[in-house]
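Peer 1: Okay, here's what each chain looks like letter by letter:
Number of protein chains: 2
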Amino acid sequence: MNNVSELIKSHRSIRKYLDKEIEEDILMDILEAGRWAPSSSHLQAYHVIRIKDPEKRKVIAAYAGDQKYIESCKEFVIFCGDLSRIKHVCEEEDVKFDGAYLELFLIASIDASLVAQNVLTAAESHGLGGVYIGGIRNEIDKVDKLLQLPDFVVPLFGMCLGYPDQDPIKKPRLPMSIVYSEETYNEIDQDALDKYNDIVKSYYITRTKGKLNHNWSEYTSERLDGESRPHMLSYLKSKGFAIK
Amino acid sequence: MNNVSELIKSHRSIRKYLDKEIEEDILMDILEAGRWAPSSSHLQAYHVIRIKDPEKRKVIAAYAGDQKYIESCKEFVIFCGDLSRIKHVCEEEDVKFDGAYLELFLIASIDASLVAQNVLTAAESHGLGGVYIGGIRNEIDKVDKLLQLPDFVVPLFGMCLGYPDQDPIKKPRLPMSIVYSEETYNEIDQDALDKYNDIVKSYYITRTKGKLNHNWSEYTSERLDGESRPHMLSYLKSKGFAIK
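Residue numbers (the numbering used here), protein chains in the order written: chain A, 11 to 254; chain B, 11 to 254.
It is worth saying that the hints were derived from the structure and are not from the lab. Because the structure is a prediction, the values reported are computed rather than measured. Don't take each hint at face value.
No distinction is drawn between identical chains; accordingly, a pair holds when it is met within one copy or between any pair of copies.
What the hints assert, rightly or not - Below 27 Å or equal to it, Euclidean Cα-Cα: the simulated DSS-like pairs (lysine-lysine) are: (1) Lys62 - Lys84; (2) Lys254 - Lys62; (3) Lys211 - Lys106; (4) Lys62 - Lys19; (5) Lys155 - Lys211; (6) Lys205 - Lys180; (7) Lys155 - Lys66; (8) Lys106 - Lys205.
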């Protein structure tokens, strides 16, 4: 349709990288793209931390469920929700800061996500590939300590970046008839879901040469079986977000 | 640097639109760009609802604090966090679904945000402009009912789109020395913050011809003065997210 939407629609997560550094000016251009993301009430409630130290990367990779590409990628950044500096300016202006509302945590999460997606798109426009690392939330308190985060700053996800050394096929997405509707929410289109499940099954068989053959419903329900990072609430509370 | 990062870095919120429809194939291309966003564990925990009905737009504009451009924009879409279809597939697969974890609400919020930012970037690449509408959360329960959202589907923010009929100057962002650090979090750079405050003050004076003259610290602390959508937690609980 145009180059930008084609670029966006050609996204694949990239986890294998060429042994080629990302030029510093390109990295800065990419991070700058993040800085221009829209932000709720211009609060800019995020912070980005670049991790160069190989030892630190190794530790984070282990925390994130042994995702080795956190070590092997050329750049690794962590996106944090950050209300600490907003607290700072409130104190400067003698305004009582009550960061305990769930709403503020939500604002920070959305802000950081918009920044991150700008970073990824800009990276892909430079021929780079990347992958989000939500796995840092597996051991979020340990990642927090490693990054020396103050109250009201929480690591949300990481991102690995590098020049791709793989060319994976695109992972099929849920069809528009399921993720999109007009005027009101629509009940799930079971036929479309069944078809999508077949497509996902074929995708996994092709990608893994038959080793995996689950469909989306099977994969998703397996993923949802059991507690989902049950420590998140108590962690957030420990950082000042009372989530009231 | 390149066209895509320049496009991203040239973002301004656009709230005035030409009387020119968005072609249906362009709109679909833009929404498709959203569909290819990365998603945590491929859960795709979002749903997009396009609102065409002028009466409905009028009601939503009022809910969102009388933001008239929700009525005047050419397209208005609402991005929802959606765990309802994940609940559906869990039930299909006989897996107990416990969507009450804060982590799952976070996943849905991040997923929807990445989709939305792809949509905005693709829209801007087509010469369109837009603005996020977090204000729908002012009356989130009413928006919810209007859209007939089931349990585990929550409206997070809207987006107005149209061909720009304004050319605002870029709103200055916090400098890299404040939003970015290496290896660990950095304490706020007060000099950089003071300079940024001066820049923001000049920006508002220029943009409003002297009617507004606040700096970022003043604006931000005013915005944070008082309760921040205190209904959000009870609303989310009413939708099944126990936020445990």
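Peer 1: Output the indices of the hints that this structure fails to meet, ascending.
Peer 2: 2 and 5
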